[in-house]
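A.B. asks: Protein sequence lines, in the order shown, are assigned to chains E and V.
All residue numbers for the first sequence refer to UniProt numbering, where the first residue is 1 and numbers rise by one.
All residue numbers for the second sequence refer to UniProt numbering, where the first residue is 1 and numbers rise by one.
No lab work stands behind these hints: they were computed from the structure.
Among these hints, one or two may not hold up.
Derived DSSO-like pairs: lysine-lysine, alpha-carbon spacing no greater than 27 Å straight-line [as the list claims (entries may be wrong)]:
id	chain 1	residue 1	chain 2	residue 2
1	V	K165	E	K209
2	V	K209	E	K95
3	E	K155	V	K165
Remember, it's a predicted structure, so these values are computed and weren't measured experimentally.
Number of protein chains: 2
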Amino acid sequence: MSKPLNPKKEKKDITINKLKGLGQSIVDDVSKNEIPTLNIPSRGTGNIVYDEDKRYYVLGDRYGKRSLGNVKQIKKMGQMMHVSNFCKNLVSTEKTATLREMYYVSEGWGMGFSDQNESNILAEDLEVTVGASREDLGLMPEEDGASVYGDILLKEGDVEINALKSGKSGYTISPTIDEVEFIGHNVERVIAVETMGMFHRMVQEEAYKKFNTLIVGLKGQAARATRRFLKRVSTELKLPVYICNDGDPWGFHIAMVIISGSAKLAHVNHDLATPDAKFLGVTASDIVKYELPTDKLKEVDVLRLKELAKDPRYRNKQWQDEIKKMLKIGKKAEQQAFSKYGLEYVVDTYFPEKLEEIEN
Amino acid sequence: MSKPLNPKKEKKDITINKLKGLGQSIVDDVSKNEIPTLNIPSRGTGNIVYDEDKRYYVLGDRYGKRSLGNVKQIKKMGQMMHVSNFCKNLVSTEKTATLREMYYVSEGWGMGFSDQNESNILAEDLEVTVGASREDLGLMPEEDGASVYGDILLKEGDVEINALKSGKSGYTISPTIDEVEFIGHNVERVIAVETMGMFHRMVQEEAYKKFNTLIVGLKGQAARATRRFLKRVSTELKLPVYICNDGDPWGFHIAMVIISGSAKLAHVNHDLATPDAKFLGVTASDIVKYELPTDKLKEVDVLRLKELAKDPRYRNKQWQDEIKKMLKIGKKAEQQAFSKYGLEYVVDTYFPEKLEEIEN
Numbered sequence: 001m002s003k004p005l006n007p008k009k010e011k012k013d014i015t016i017n018k019l020k021g022l023g024q025s026i027v028d029d030v031s032k033n034e035i036p037t038l039n040i041p042s043r044g045t046g047n048i049v050y051d052e053d054k055r056y057y058v059l060g061d062r063y064g065k066r067s068l069g070n071v072k073q074i075k076k077m078g079q080m081m082h083v084s085n086f087c088k089n090l091v092s093t094e095k096t097a098t099l100r101e102m103y104y105v106s107e108g109w110g111m112g113f114s115d116q117n118e119s120n121i122l123a124e125d126l127e128v129t130v131g132a133s134r135e136d137l138g139l140m141p142e143e144d145g146a147s148v149y150g151d152i153l154l155k156e157g158d159v160e161i162n163a164l165k166s167g168k169s170g171y172t173i174s175p176t177i178d179e180v181e182f183i184g185h186n187v188e189r190v191i192a193v194e195t196m197g198m199f200h201r202m203v204q205e206e207a208y209k210k211f212n213t214l215i216v217g218l219k220g221q222a223a224r225a226t227r228r229f230l231k232r233v234s235t236e237l238k239l240p241v242y243i244c245n246d247g248d249p250w251g252f253h254i255a256m257v258i259i260s261g262s263a264k265l266a267h268v269n270h271d272l273a274t275p276d277a278k279f280l281g282v283t284a285s286d287i288v289k290y291e292l293p294t295d296k297l298k299e300v301d302v303l304r305l306k307e308l309a310k311d312p313r314y315r316n317k318q319w320q321d322e323i324k325k326m327l328k329i330g331k332k333a334e335q336q337a338f339s340k341y342g343l344e345y346v347v348d349t350y351f352p353e354k355l356e357e358i359e360n
Numbered sequence: 001m002s003k004p005l006n007p008k009k010e011k012k013d014i015t016i017n018k019l020k021g022l023g024q025s026i027v028d029d030v031s032k033n034e035i036p037t038l039n040i041p042s043r044g045t046g047n048i049v050y051d052e053d054k055r056y057y058v059l060g061d062r063y064g065k066r067s068l069g070n071v072k073q074i075k076k077m078g079q080m081m082h083v084s085n086f087c088k089n090l091v092s093t094e095k096t097a098t099l100r101e102m103y104y105v106s107e108g109w110g111m112g113f114s115d116q117n118e119s120n121i122l123a124e125d126l127e128v129t130v131g132a133s134r135e136d137l138g139l140m141p142e143e144d145g146a147s148v149y150g151d152i153l154l155k156e157g158d159v160e161i162n163a164l165k166s167g168k169s170g171y172t173i174s175p176t177i178d179e180v181e182f183i184g185h186n187v188e189r190v191i192a193v194e195t196m197g198m199f200h201r202m203v204q205e206e207a208y209k210k211f212n213t214l215i216v217g218l219k220g221q222a223a224r225a226t227r228r229f230l231k232r233v234s235t236e237l238k239l240p241v242y243i244c245n246d247g248d249p250w251g252f253h254i255a256m257v258i259i260s261g262s263a264k265l266a267h268v269n270h271d272l273a274t275p276d277a278k279f280l281g282v283t284a285s286d287i288v289k290y291e292l293p294t295d296k297l298k299e300v301d302v303l304r305l306k307e308l309a310k311d312p313r314y315r316n317k318q319w320q321d322e323i324k325k326m327l328k329i330g331k332k333a334e335q336q337a338f339s340k341y342g343l344e345y346v347v348d349t350y351f352p353e354k355l356e357e358i359e360n
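All chains should be built: construct the whole structure from the sequences, respecting the hints.
C.D. replies: Printed below as a string of structure tokens:
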């Protein structure tokens, strides 16, 4: 496989061509004396399918038509052209904007949105219609991604960054993570943890040396940029990715969104999901085995666990067993509960045992 | 003024001595055949005073007694000795722990806390009693601080970090910010902004070059580490600090907590408040002058603004005028609303005009 000479420029050209193509299709309709119409893939629940081969949610093949022949759709068509044009300018000038900024910019279009929800949905319409993620279109999420600590060398523009030398809080994955090049690394795996408390614990106990690993601090639900980063280390660097979260339904969910994507983002899961990533813990079995301090499952936890049991992403035996076991013991535990045995225990005992178990 | 040879070691020794002193006072009481008693400064609202000279909240001189002669207080005294000992070990071994970790560690003490709120309060008791911040005691907040972008060179342990070369999301202020040395810089000021959307806008428009400034992305309410960083750049580097937030009561409050501290943390405001920091905007006057897109003040905004008007921290004329004006126009505006005039406007027009106004 030959590598493109300048992958960034190539991607930029592809996106611009997609956007131009959208405009051209309208022009073509007009010149053929037809009513300009767009096919917009449906993002409704009926069109979100779990793909067993890909191991994540994808969009099915249903779509809706948006036509200038329908009075109710004229404004939406016009807004879509404006958004497309705005994105084309962003990509051409190598700038980005937040959805919030675009909403304010749209005040000058003479066909403004009634609220930001409307402009957000239109941006998603554009994503699915042209088949490009919002990041490709220059529409960046506000939120930064996770913190990364460990021996990897990255390049952003002219700047080289060593995530072992970015301070104790590590390198922050920026929303523009796709423009970051992986220059080199000296690790064997990646361990992502839910809380920054655990991230700092692992840095302090030198887990990056002990396990020859990158440490990724997710800060709760993983941002898009984080998921993209984990996908890239998994596919480009072929590194195994492990996720260690709190032992509760929310921790399971955070891991699963990284692994198999969310239904809501079915149209971009091919860029974001990392089906080879593995959930390391905290499992219900860990709670029992390590006699962790626990909290009782709340009613909402029980309901959530029962939902997860029916979710296709949790179909494999290990997940089913762990969900059943958690319901049976009626308890949940936080990552930091290992401190019961001293601050070092999690790095000195728990992680080595779990890694041994999962890698052998 | 002679500089200590190793300020970090000196600080460590001071903290250890404070903790030893606490234990010694108990031993002394016992050897004098007196009932061991501690004086714990009160953190009740009646003992929180706004200090006009210092320009932030401080604790008054009221205190409560905690005595081993009072059956109800025996457990609390014992817990305090355990927490002190735990902190002494942290500081001696140059480790840190989160409050959550300490809560779990306390399971082994045989006089555990009934919930984490109880152990958090006890940690605060210890802070005020020995006169050391929780960070000095090794008890770190979980949350990281703000993002910093710009020409400053920092040193954490053996690692030198250039906040201009840490990636587009900048250098993340770690909870252990007091261990970071300022090696050098080439800036004239610091501009802190409320949202990461505005942070990325400023990085993209090269505001760090145009205004020779550090850009600090607060991510909403500033973390303790962020406040400590801003205090340090203000006092150690003598840099003017400006804060630009959303133009609403919440944005005002975020700025004011940086400037004059919070009542709740009156016992550590001397480490955290930056009374010389200035609120740049968005003001009610800006909303009118720049004809910004606005939202109507909600009832809760109006109530909050009326509270702020009575708060001693907002006593000066400028704040009083701006609060009155916002109530009069009945409107609020977000930082990103400047995008109405194009993405570059905020950096090309708004900031230069505001800086000119405030610096001349």
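A.B. asks: Checked against the structure, which of the hints given earlier come out wrong?
C.D. replies: none
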